[in-house]
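Keeping their order, the protein sequence lines are chains X and Z.
If you're matching positions, the first sequence starts at 1 in the working numbering and goes up one per residue.
If you're matching positions, the second sequence starts at 1 in the working numbering and goes up one per residue.
Since the hints were made in silico from the structure, they are not lab data.
A couple of the hints might just be wrong.
The list makes no distinction among identical chains, and a pair is therefore deemed to hold if it is satisfied within one copy or across any two copies.
What the hints assert, rightly or not - Heads up, simulated DSS-like pairs for lysine-lysine below, C-alpha to C-alpha not over 30 Å straight-line:
hint, residue 1, residue 2
1, LYS293, LYS223
2, LYS293, LYS341
3, LYS148, LYS293
4, LYS341, LYS192
5, LYS221, LYS148
6, LYS223, LYS148
Residues per chain are reported as follows:
Number of protein chains: 2
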Amino acid sequence: MGADSDTVTIGSLTLQGFAADLLRAGGFTADQAQQTAAMLVWANLRGADSHGVLRIPRYVEMVQLGLINPSAEPRQVSGKGAVAVLDADRAPGAVAMNLAARTAMQLSDVHGIGWCAVRSISHAGAIGYYVQQAAQAGRVGIAMTASKPLMIYHGSSAEGVSTNPIAIAAPTTNPDRPLVLDMSTASVALGKIMAARDGGQTIPAGWGVDADGRETTDPRKVKAVLPMSGPKGSGLSLMIEVLASVLTGNPLIAVALAGGGDPGGNGLVAVLDPSAFGEDFPIEVDRLGAAIKGLPPAAGSERVYLPGERGFEEMERRSRAGIPLVQGTRSRLLALASKLKVAVPEGLT
Amino acid sequence: MGADSDTVTIGSLTLQGFAADLLRAGGFTADQAQQTAAMLVWANLRGADSHGVLRIPRYVEMVQLGLINPSAEPRQVSGKGAVAVLDADRAPGAVAMNLAARTAMQLSDVHGIGWCAVRSISHAGAIGYYVQQAAQAGRVGIAMTASKPLMIYHGSSAEGVSTNPIAIAAPTTNPDRPLVLDMSTASVALGKIMAARDGGQTIPAGWGVDADGRETTDPRKVKAVLPMSGPKGSGLSLMIEVLASVLTGNPLIAVALAGGGDPGGNGLVAVLDPSAFGEDFPIEVDRLGAAIKGLPPAAGSERVYLPGERGFEEMERRSRAGIPLVQGTRSRLLALASKLKVAVPEGLT
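Given the sequences, and given the hints that come with them, work out the whole structure.
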């Protein structure tokens with residue numbers, strides 16, 4: 001007996017259908033529910049459960065709170081040439097970011113590059129999802145998203161910037177295995193600090209600070225997460241705020257630090273068309289990947305991994321074997337299903 | 001007596017003239033020497049002495065070795081719409097990157113964004129220099145450069161990627177104070193490890209590895225530098241190689257790891273025109289900067305700094321008081337001047 005005995009495993013398509021049903025019953029339109037469920041289950045398939053279906057109860061709550069607007073009609077508010085700026089009117093994050101990715105892709109058809117920024121989105125989820133679409137179409141994708149202060153700004157004792165992530169993807173000759181870098185600008189995922197707390201371990205210096213803004217190695221005392229490599233992480237996060245928020249006329253950090261309410265989020269997707277660069281690109285990306293994988297593993301490591309590779313391997317495993325849902329996630333989804341009168345798939349009850 | 005007594009201080013314009021004379025005598029054309037000297041002295045002015053005039057003897061050596069080509073005639077080799085790809089034919093790095101910045105700026109006039117990649121450059125120097133030019137013209141600049149393996153790839157014991165830097169700059173309402181993020185993807189500058197070695201101190205885990213590829217806290221044992229935040233730094237560096245090198249048909253990492261010779265370098269500059277985004281951008285960047293500077297300083301810190309701010313303050317100090325040249329740098333420059341029969345400015349002898 002143990003945690004495993006409380007974990008059920010469910011097929012990804014079944015889970016995606018259930019997720020879409022829950023979102024639909026929670027106020028999303030059918031199309032919004034479908035797009036959002038696909039993004040969430042993609043994260044679960046890749047092992048990024050923190051960005052998977054466990055988010056659904058909060059998304060439904062956000063509809064009730066007016067933080068997600070199912071009636072949103074995203075529209076272009078400005079742009080020029082290869083640049084488009086959209087206002088998502090607080091549409092679900094996956095819907096807004098999918099639209100930005102499609103728009104950037106179309107712009108890159110004409111201009112070699114497309115840059116689509118989208119303001120007033122809600123939670124974007126795992127942003128690797130949006131750049132991977134570009135890579136699977138043979139393009140290079142770059143995505144960034146911005147949200148409210150969640151992380152210490154280097155040199156300050158306060159949360160002054162978000163953990164703003166950046167993702168970059170490039171195609172290889174295998175459409176199922178692009179390179180997909182997807183990283184936050186924080187030193188570490190909050191989940192790792194929580195795991196050390198639960199396990200009674202100390203954490204390395206540089207992960208978090210206590211209530212006085214001092215670095216601590218005691219995970220029970222962590223009040224805020226520190227940026228990746230000090231000024232690099234908080235500086236990069238700040239410049240993502242400039243690119244995704246300030247440029248699009250929806251500043252989040254300045255408003256939040258001045259005491260404003262929840263400012264939502266912003267995102268951007270840039271797409272490059274390798275044919276504009278004139279090279280046999282995916283073959284050369286293969287060569288690069290092979291060279292990296294040929295490096296000697298570090299002591300204690302068995303293999304060298306490419307960006308995104310662990311996720312793709314987990315995706316193959318979970319596509320076959322199903323997605324494990326821990327007790328806490330499952331019970332919260334079942335409670336939501338009961339409340340919204342949504343049918344629960346067999347195997348999940 | 002001490003290090004200070006061996007340091008002379010020289011006015012920036014005098015130093016820039018001397019630097020240009022040395023480069024000219026070392027084989028650069030007058031224009032190449034002028035562009036390169038301006039970039040090097042900019043780095044000195046900002047306190048980044050490791051990227052300043054101390055590079056000149058190596059640059060002259062690189063001309064002799066054929067690694068810098070003073071006869072280079074950079075030309076466009078491909079492109080489409082907002083994208084241009086140049087081949088710099090091993091022109092001096094500052095010349096190639098200035099050209100890329102100008103080209104990206106012109107493209108952004110027409111398309112809202114310009115993306116100019118330039119292959120076969122030589123050492124680019126402090127890449128904040130190129131994006132700062134965009135910011136001073138009211139644009140947003142993004143630059144990246146790629147070079148040969150210099151840093152451990154996360155999960156490997158070997159140097160598999162470079163310390164590829166990224167720089168992002170945005171204008172404020174003060175043309176002399178844009179935001180300028182300029183960071184490498186390494187955990188720490190090699191100079192900090194050398195300083196700990198000279199000072200007999202230990203270094204934190206995560207900075208470097210020994211000859212066996214194991215992390216060490218003994219700076220005397222460091223054989224290679226580790227990436228910023230493990231997989232984040234090496235993953236970002238790898239994707240910069242994809243964007244700057246693989247896309248432009250001049251792969252560096254795959255070639256170097258296969259035992260090829262010195263592959264030179266590649267770079268890119270992207271420029272965004274805020275007017276395409278339709279917002280009163282510099283004023284909003286000011287607001288963001290003011291909000292960040294209003295955060296409470298960390299314990300032990302007196303102030304919170306914006307990206308690039310320390311460099312601008314140093315620049316103001318050194319513009320007035322002159323640039324300090326330590327004994328080692330000065331003697332190497334004087335030796336080069338003697339060898340090349342270049343007149344040495346008063347105050348430097």
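Legend entry - Intra- versus inter-subunit Cα pairing at 30 Å for LYS293 with LYS341: So LYS293 and LYS341 fail the 30 Å test inside a copy (49 Å) and across (50 Å) alike.
Legend entry - Alpha-carbon proximity context of LYS341 and LYS192, limit 30 Å: neither (35 Å within a copy, 61 Å between copies)
Inset, instruction - Classify it for me, LYS223 with LYS148: is the Cα-Cα distance of at most 30 Å met within a copy, between copies, both or neither? - result: within (16 Å within a copy, 40 Å between copies)
Legend entry - Homo-oligomer pair classification [LYS148, LYS221; C-alpha up to 30 Å]: within (22 Å within a copy, 42 Å between copies)
Legend entry - 30 Å Cα threshold - placement of LYS223 relative to LYS293: between (38 Å within a copy, 21 Å between copies)
Inset, instruction - Since the copies are identical, ignore which copy is meant and state whether LYS148 and LYS293 lie within 30 Å (CA to CA) inside a copy, between copies, both or neither. - result: between (37 Å within a copy, 17 Å between copies)
The earlier numbered hints that this structure contradicts are 2 and 4.
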